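As a plain string of letters, each chain reads:
4 protein chains.
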Amino acid sequence: MSAPLKVAVVGATGYTGEELIRILAAHPKVRLTYVSSKDDRKQTIQEIYPYLRGSLDLVCHPFKPEDAAAECDLIFLSLPHTVSMKTAPFFLSRGKKVIDISADYRLKEPAQYLEFYGTAHEDAGNLKQAVYGLPELNREAIPGAKLIANPGCYPTGAALGLLPLVKNGIEWTGTCVIDAKSGVTGAGRKASVNLIFSEVNENFKAYKVLTHQHQPEISQSLKSGKLKNTAFAFVPHLLPIDRGILSTIYVPLAQKKDGKKLHELYSDFYGREPFVQVLPAGRFPELKMVHKTNQCHIGLTYRDDLGTAVIVTAIDNLGKGAAGQAVQNMNILSGFSEKEGLV
Amino acid sequence: MSAPLKVAVVGATGYTGEELIRILAAHPKVRLTYVSSKDDRKQTIQEIYPYLRGSLDLVCHPFKPEDAAAECDLIFLSLPHTVSMKTAPFFLSRGKKVIDISADYRLKEPAQYLEFYGTAHEDAGNLKQAVYGLPELNREAIPGAKLIANPGCYPTGAALGLLPLVKNGIEWTGTCVIDAKSGVTGAGRKASVNLIFSEVNENFKAYKVLTHQHQPEISQSLKSGKLKNTAFAFVPHLLPIDRGILSTIYVPLAQKKDGKKLHELYSDFYGREPFVQVLPAGRFPELKMVHKTNQCHIGLTYRDDLGTAVIVTAIDNLGKGAAGQAVQNMNILSGFSEKEGLV
Amino acid sequence: MSAPLKVAVVGATGYTGEELIRILAAHPKVRLTYVSSKDDRKQTIQEIYPYLRGSLDLVCHPFKPEDAAAECDLIFLSLPHTVSMKTAPFFLSRGKKVIDISADYRLKEPAQYLEFYGTAHEDAGNLKQAVYGLPELNREAIPGAKLIANPGCYPTGAALGLLPLVKNGIEWTGTCVIDAKSGVTGAGRKASVNLIFSEVNENFKAYKVLTHQHQPEISQSLKSGKLKNTAFAFVPHLLPIDRGILSTIYVPLAQKKDGKKLHELYSDFYGREPFVQVLPAGRFPELKMVHKTNQCHIGLTYRDDLGTAVIVTAIDNLGKGAAGQAVQNMNILSGFSEKEGLV
Amino acid sequence: MSAPLKVAVVGATGYTGEELIRILAAHPKVRLTYVSSKDDRKQTIQEIYPYLRGSLDLVCHPFKPEDAAAECDLIFLSLPHTVSMKTAPFFLSRGKKVIDISADYRLKEPAQYLEFYGTAHEDAGNLKQAVYGLPELNREAIPGAKLIANPGCYPTGAALGLLPLVKNGIEWTGTCVIDAKSGVTGAGRKASVNLIFSEVNENFKAYKVLTHQHQPEISQSLKSGKLKNTAFAFVPHLLPIDRGILSTIYVPLAQKKDGKKLHELYSDFYGREPFVQVLPAGRFPELKMVHKTNQCHIGLTYRDDLGTAVIVTAIDNLGKGAAGQAVQNMNILSGFSEKEGLV
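Chains Z, B, X and G, in that order, give the protein sequences.
Remember, the working numbering sits 542 above the position in the first sequence when you count from 1.
Remember, the working numbering sits 542 above the position in the second sequence when you count from 1.
Remember, the working numbering sits 542 above the position in the third sequence when you count from 1.
Remember, the working numbering sits 542 above the position in the fourth sequence when you count from 1.
Treat the hints with care, since some could be wrong.
All copies of an identical chain are treated as equivalent in the list; a pair is satisfied when it fits inside any one copy or across any two copies.
[As the list claims (entries may be wrong)] Dumping the calculated DSS-like pairs for lysine-lysine here, alpha-carbon to alpha-carbon at most 25 Å: (1) K747 <-> K732; (2) K584 <-> K768; (3) K638 <-> K580; (4) K802 <-> K750.
The hints are simulated quantities; they were obtained by calculation from the structure and are not laboratory data.
Here the structure is a predicted model, which is why all the values come from computation and not from measurement.
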């Protein structure tokens, strides 16, 4: 039995950081050696998350890059965008593997980053070599990567719903619709009046209608195939639940299809994927069934008179949409079984 | 000051029945004289709904049509579909006004009723004279009606979002998308494992994907204009909240529009409506703002490169989607101020 | 018909301020003439709360005392504690009636204020003349008041549960237990990580165990009778709901009682109260039944072998626990029917 | 490495059955060989719970005792009370170990069973040899047991809060108060109007006030020590969350204590327990921190002037309150590490 991989987590008190630590603390192949947060206090991880007593004995420090680098082989950056691109270069220069969970290394076009995140990209060199860590799209590129850009939560749910069309050259006409609904942890653990309980509870709304910053990331994945048209309208909504993204996708197919064959095409496409499951025809996913997992469940139907396919995908935004997928990437990168430590 | 209108409510222990009683108990122009439920016990309304103490002193009986007819001028039927069409004729034959909240008198084509509700329609005569009670579509027909078919909750949210296009002849191409999300009271107060708390809470799912029985009702409203194409894909979802329907509607316009003019067109269309409010450009509705009201809030945007308009409507499914609208219909029918007793 | 009372609300964007405005906008005897908030922007009330369109046409300003005083006869101060006592004197000096919803004028002992709120009281003069506005305790004193200290939410639920014992000299031994559970709006609309949705949702906890600042206020009410002992242990908890406080009170009675007589004593005590309702024996209140009302529902039982009475009270913390009670106080103060504008 | 223990679960479609299967599917020392439910359909476990795809390949059958016995060494009965005592004897007679999660074998006095469950006990012989499976109370008796009565959810939370006093002979006077609040899964997955979403959501209430059937089970645990008085008042409440029980316990101590020493006494009592954690002084537990775990978190304080200790315990009602504890019992019974397969 080989020595465990030593891993660090930066951003331990965010929701994604917490989920990462929860998964990694039970992962048989790794040892968590360093965790840090923006909080100034030194606290044991058990003081912050009492449920970890007995499974992890670590102190959470204010972030010191030198200390982190000294302790780890691989580091997860669970930081706000714009902060990651100032942080990753240091670890890369020390030969550490980096899995970045922010948006900083996802968009191959720096101009798009500027447009949607409002800041010029500052690390074009590493951006070029970064691998977009959606295994179902990009599995072969991951093992050799030094820097992995872990996909966004909405883009994961959207891409997994459309890749079977994209990769099989099934065209649509006009605009495909991606109507997505996310739990509140997607917005992070931050003090904001808009996020307090009684603003969100018993409420529901659309936000950033047709203007959300995840659009170019979705677009980039859709362009990975040979489709002539990849136009889509994307509207995210805020669900009064903790975790989960359900994406309802409407595709006006360019050519009529047989519904049963379309279902088979999806089943075949994902047949060997460990974390993507196409439900039997007639069934649609629900968020409860992916809660605290790294799974994506997909249901689909097609109505001939409308020429429209409806594909519904469900993920846990902290699981397959963030921390779970980050660990999946680590597993692939490190030569572990892809399912190791994941549900 | 004239004598109050005497009204009866059948179905007092359902969610819609409860909301009707709550509104009517405080309505200045009516006197609730009879309430009944399927429950066998005789109970005072105060025993069932303690918050009504002091505002309503009535006993809730098992339903006896003769008794109800003896006590009222107008009756609200808050009954399951197929039961209403067996009940309404009796009251109509006695000269009572009937506001039916079930689906039984909404679809003008009996064949559609058979297809979507699984039973042949049994009261074709009254069906013909029934007025579809969506005031924003049909206000002129309501005052003379004997029987009002109160619209369904989803069809109200969908129609109010699309009527400005329908009535102004603004065409779309292909399929418009109506992605609707409803609170749980829309399913009624009934014992069903699918509806128990821990099946719905922290969960979200689509259901009856492209097959929901409200489709022909939506279609009927969309066909009230002169559009050549009214095709739409309708997918309802179940929100873990008590009340409210948010409908996100995507319209691939046949001709490019100026976004500002489109917003003006909506604002003008609803400018004099007491219960429909088009929000300022850039704002979108949220369910909390229509909770326990009879209002519909609408936000919209248009993206030129996509040629797609996104219209979002919010209603309370028990308010404008059921009981509130039923009282609005009663107000119009009875010559009261349309806003009387409503928020 | 006399001219409406002109009223102002300071603190319009808090939860209590919003509820006050919602109630006052529909109140037949008053005209809201001035509203202000800490927000710097000038916004119409309809922009802030779209559901008020048509019922209130006012602009919300940053607070300017001179402007407020020029516009009103009576002012509601919905401000943080310590701010109210700096604000009320100005309005009192101009002859305006003041209903203060903060804690500033509730505790008759300035030393207690210092101990529990951490600041010396700065307005001892007005504190002396302030009337504690719990009508069920103090109704006679309210009509002549210039300054009303509107009770706290927990103290209202606790006092209403114990006043029948207190006022009938029914003693307990040792420590009575007040175990209270409150919805989240009780904490105000403020940016705090502890209050964001995913910290509260699917969660439940006790807080400020035996140390909550409402203890002296409860104590003050319990001492309004002739009991020899009024000791109690008070523990508040945070419920993952918007509104409502349920208080479960355990009283170890000094002398055995007949359970039926105890229930009668409660029923008699509150028999003429417009907003307090003792439920039939065997029934206990639930928060849903007081939602958006000014009511308090009470259930109680007694087990002879334990010698313990259990009394459960339910209020809406924004209704009888804040804004509703403030309007009830205004009604009494102004000679209106006590129920005017309230449910 | 020895052969895995073969285990069966009866009652697979209840909430406790589901949680058992979730835990057992990932347990390194067991193989799930048989699952059954009351549902007539044969379904794969993956069809019922799609998230189990890949970790469990079993068909769920209607319950046939012979088949179950043929497949297993140990069986979990997750059945309604009164059904278990008709089912367990068959398996015991075949030499199978039985862990019963119903109430049937918990109360040592058949008369109490009759009083609180309304039926005479039908299996007095096995009742005598049944071991009450609360490891913190009874760990030594478990390894030799043939039949384990898995504790109730409320009794687990209550007993863990009071055992340090009970076992150290710390007396209270009069009545101790156990105010408990439970998530909705505690009521089971059954069609009941009282449990549907909109009856529970945004609501809170006490139920079975001083009459709940878990009282004698709590009493039995409290009598395991040498206390002269073990009187308590128990009131359960229904929380609008899925999982968790928080119990707030008020103990009027017979003799004044030093608060710090009391905290130490609790810390010492549970110092070596793998699943019970006494939080640092000043901290109190919250349900989120025990979600989907087998842990119990405890916080406590003491106020000298009141002579009252307040102890707060938090468990997951499906974890330490049901399925988790059942697996803990299996681990002890089978000589596995007590923490195997549990979080």
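How the hints compare with the structure:
no. : hint          : in the structure
1   : K747 <-> K732 : both (19 Å within a copy, 20 Å between copies)
2   : K584 <-> K768 : neither (52 Å within a copy, 43 Å between copies)
3   : K638 <-> K580 : within (21 Å within a copy, 49 Å between copies)
4   : K802 <-> K750 : between (35 Å within a copy, 18 Å between copies)
Hint violations for this structure: number 2 only, all remaining hints satisfied.
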